[in-house]
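Note that the protein sequences, when read in sequence, are chains A and B.
Its first residue numbered 155, the first sequence is counted upward by one per residue in our numbering.
Its first residue numbered 11, the second sequence is counted upward by one per residue in our numbering.
Derived from the structure by calculation, the hints contain no laboratory data.
Quantities reported herein were computed from a predicted structural model and do not represent experimental measurements.
From the three backbone atoms N, C-alpha and C, an ideal C-beta is built for every residue, glycine too.
Heads up, some of the hints might be wrong.
Computed cross-link-like contacts, EDC-like style, restricted to lysine to aspartate or glutamate with a CA-CA straight-line distance of at most 16 Å [unchecked claim]:
#1 B:K338 x A:E359
#2 A:K368 x B:D401
#3 B:K79 x A:E246
#4 B:K338 x A:E370
#5 A:K250 x A:E234
#6 A:K158 x A:D380
Partial list, computed: chain B residues near chain A (C-beta under 7 Å) [stated by the list, open to error]:
#7 K72
#8 S76
#9 K79
#10 G80
#11 R90
#12 I91
#13 P97
#14 G183
#15 L339
#16 I340
#17 K344
#18 D429
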Amino acid sequence: MSRKSFPLRSSGEELRDLDQPGYYAGYSTMAQKMSWDEATRTVVSERVNNVPPGRFFSPQEAALLGAVVDRVMPQDDRAEEHTIPILPAIDERLYKNSLNGFRYEDMPPDREAYRLAIQAIDEMARARFQQSFVELTIHNQELILRSLHDGKPDPEHAIWRRMPVRRFWALLMEDCVTAYYSHPWAWDEIGFGGPAYPRGYMRLENGLPEPWEKDEERYEWNAPVDSLSELDEAGTPPKHGSQRRHGERH
Amino acid sequence: MPHRLGPMQTLPSPMRRFQDGETVDYCIVGVGAAGGVLVQRLARAGFRVVGLEAGPFWDTEKDWVSDEKGSHELYWNDLRITGGTHPLALGANNSGKGVGGGSVHWAAFAPRFHPSDFHVYTEDGVGVDWPLSYWDLKPWYELLECEIPIAGPAWFPWGDPHGHPYGPHPIGGVGDVLVRGCTKLGIRTVAGGPVAILSASHGDRPHCIYRGFCLQGCKVGAKASTLITHVPDAIAHGAEIRAQSMVSRVSLRKDGRAGGVVYIDREGREHFQRARAVIVAGYAIETPRLLLNSECPGHRQGLANSSGTLGKYLMAQAGNVVAGRFDKLIRLYKAPPAHALSEEFYETDQRRDFARGFAIQTVGPLPVAFARQMVAAMGAWGWGMRRVMMDYNHWATLGVLGEILPWEDNRVELAEEKDQFGLQVAKVKFNLHDNDKKLIEFAKEKVMEVMWAAGAEQVVQESRFAHLVGGARMGSDPATSVVDKFGRTHDVPNLFVCDGSILPTQGSANPGLTIQALAARTADYLIRQGDSVFFSSRRDLSEPGIRYDLSPPHTRFKGNPRIA
Chain A
155 MSRKSFPLRS SGEELRDLDQ PGYYAGYSTM AQKMSWDEAT RTVVSERVNN
205 VPPGRFFSPQ EAALLGAVVD RVMPQDDRAE EHTIPILPAI DERLYKNSLN
255 GFRYEDMPPD REAYRLAIQA IDEMARARFQ QSFVELTIHN QELILRSLHD
305 GKPDPEHAIW RRMPVRRFWA LLMEDCVTAY YSHPWAWDEI GFGGPAYPRG
355 YMRLENGLPE PWEKDEERYE WNAPVDSLSE LDEAGTPPKH GSQRRHGERH
Chain B
11 MPHRLGPMQT LPSPMRRFQD GETVDYCIVG VGAAGGVLVQ RLARAGFRVV
61 GLEAGPFWDT EKDWVSDEKG SHELYWNDLR ITGGTHPLAL GANNSGKGVG
111 GGSVHWAAFA PRFHPSDFHV YTEDGVGVDW PLSYWDLKPW YELLECEIPI
161 AGPAWFPWGD PHGHPYGPHP IGGVGDVLVR GCTKLGIRTV AGGPVAILSA
211 SHGDRPHCIY RGFCLQGCKV GAKASTLITH VPDAIAHGAE IRAQSMVSRV
261 SLRKDGRAGG VVYIDREGRE HFQRARAVIV AGYAIETPRL LLNSECPGHR
311 QGLANSSGTL GKYLMAQAGN VVAGRFDKLI RLYKAPPAHA LSEEFYETDQ
361 RRDFARGFAI QTVGPLPVAF ARQMVAAMGA WGWGMRRVMM DYNHWATLGV
411 LGEILPWEDN RVELAEEKDQ FGLQVAKVKF NLHDNDKKLI EFAKEKVMEV
461 MWAAGAEQVV QESRFAHLVG GARMGSDPAT SVVDKFGRTH DVPNLFVCDG
511 SILPTQGSAN PGLTIQALAA RTADYLIRQG DSVFFSSRRD LSEPGIRYDL
561 SPPHTRFKGN PRIA
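Chain A with its partners taken away, still in its complex shape (with noise of 0.2 Å):
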């Protein structure tokens, strides 16, 4: 792992070393296992137990991808034993091709696309801060992604002529959170109930949890104090979408 940087709760300790974030304390899917049909079991199991070898990326590229991971899926306030891996489920997507059933015109192959992000990333880093993304401080890896995330490459570099930048961003963002919010852990995080078959579910109404559920036990946290990827407005980013607040209408 690389460099890290805690959230606080809002009384002030940081979030560090967890073994399950979120606001369902105790809440595990992987506990439901034997309630599962055995093809889901094996193949939820297997994503759990048996985290693919890095076989795609140069060590090199392993290293700045997982840089850029590291900020744009944060993971610094879970127990190293309890980090989801993504970059070695982006690795194993790439290394067998496996393909999203298209691709847009305007941008090149997945591979070569995850290729050409790694070199601009690098660049951009060298000619902004003269040093590799990989040893810059979080603060300065997020300065550059958020560029990327706006749509603003700061600085400019030559491969976003090429390659549309919010196509990559989404793309990467897509690999991201698919390796994340397909690990149990991350559903024992936010509170899903995960695999329901044969069992199904019984309270269907007012979110209420099922036996085997639990409900949420909230608290206040703050991202880091050197963060840039927190929601733009405390969960209503004016930038984004088309959302409004009551009272705004026109």
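Based on the hints, put chain B in the right spot on chain A.
Just chain B now, kept in the frame of chain A:
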């Protein structure tokens, strides 16, 4: 081990196997929503039928999982190129691969089209009229609603009001939000259907258990796909389904009639399946692609493309997803994603500045899908992503289903790139036009209003598209359409197209039920035409009359209530 199709159902065994070199009556390319119904009807009527399917023949107990990522293989994942001003996401969004096709992973909303859908040009001066009316198709709507069967309210108030053979489902948290918000605004709703999901057991299929994994393939066997509704009956009546057989071209004989298809089996070997008639049922992208790839002397711009419209007039529906965050827990993963809707805004309203309309429907993204929506709707990443996802259980999601009109520049073409079989892949171009943009803007605002009215404290939205139809449209005029009203190509008398690609327009109803009703109607037409399809070039356009004696088991004695 028997081949399982759910916890109670098994595939009839043994399945008939035609010899290589044997001539069949009908070769059907693609065993999806339409292909499954065609194979079943034609086999029951005594024809020698083979269905070629590019994907696998699912054993639902072994192959399917209650898991988003683990369900990747249900989709058409092979390369396609997508472009235009508003490129469509393909793959999991709208394309299936394997026996059952897209009906394996559809959400299973099963509304009928409205009578107005069949003559939008006459009524509104947009799009094009269908070569048949709603009333021509209605008997097959009613029959398929019993065969599939459909669960829903006893009284569905829009279009041609009707009831449903199975009762409505209990409502989940998201349906509750839809009903609450709409009620506050005086918008009529229905809940608990219409969906192709069982609310009571049906033969060897159990009812729904409300686990929410409809889009990952229903292991329960409660949600209908032709894999479990029509394919078993087809096999029991002597049809062969040949899975993992990718058709590369339809081939013509010297006399200009279709002689069969070339396909590639799972080991990469090429075969020729001789047939007396061919029906292409590969859906809105693979159907035009196959016909374009089948170009030959006399058909240089693609087979059955003398009109030049093959691949054109492709349509998606606006599928904007509006997400609202509520103070109370919702747990949107419970209950089928599809379970409540309103079609109050379906038709043209002179007070609005666009033609046609939209529906409002529940959607139920599981965590990966929801996180991806938050990337698009909120620009969420990093700690912001972690934070919004920790509130997953506080969000409800509603979908726009908006009519996009058929435009010539929205089309399927062949790209330069080739797939693993050496076949040119499809390139899909999609542009929004003025009417579409105005409709989407209005619909999006209306659904956001519903979300606010339901009590959301934050509302965001993602622009996206759902479903695919068109690309080989039917019409009366051979100069402006690919097939006639029974799916027969204007150019080759024993070559048919029967799937979503023949739809001239698509309203704002989910197209699945209509595709299946059209397939049953085409089958009844072919059965009535008998052997003349195989040698005659005479085109009989009289209505076939419906056959009530060709349905799968457990259909009899079910009815469509009509309380009025």
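Evaluated hints:
1. B:K338 x A:E359: holds, 11 Å
2. A:K368 x B:D401: holds, 14 Å
3. B:K79 x A:E246: holds, 13 Å
4. B:K338 x A:E370: holds, 10 Å
5. A:K250 x A:E234: violated, 27 Å
6. A:K158 x A:D380: holds, 11 Å
7. K72: holds, 6 Å
8. S76: holds, 4 Å
9. K79: Holds. Min distance 4 Å.
10. G80: OK, holds: G80 of chain B within 7 Å of chain A, min 4 Å.
11. R90: holds, 5 Å
12. I91: holds, 5 Å
13. P97: Holds - the Cβ of P97 of chain B comes within 7 Å of chain A, reaching about 6 Å at its closest.
14. G183: holds, 6 Å
15. L339: holds, 3 Å
16. I340: Since the shortest Cβ distance to chain A is 5 Å, the answer is holds.
17. K344: It holds, given that the least Cβ distance between K344 of chain B and chain A is near 5 Å, below 7 Å.
18. D429: For D429 of chain B, the interface hint is violated, since the closest Cβ of chain A sits about 11 Å away, which is over 7 Å.
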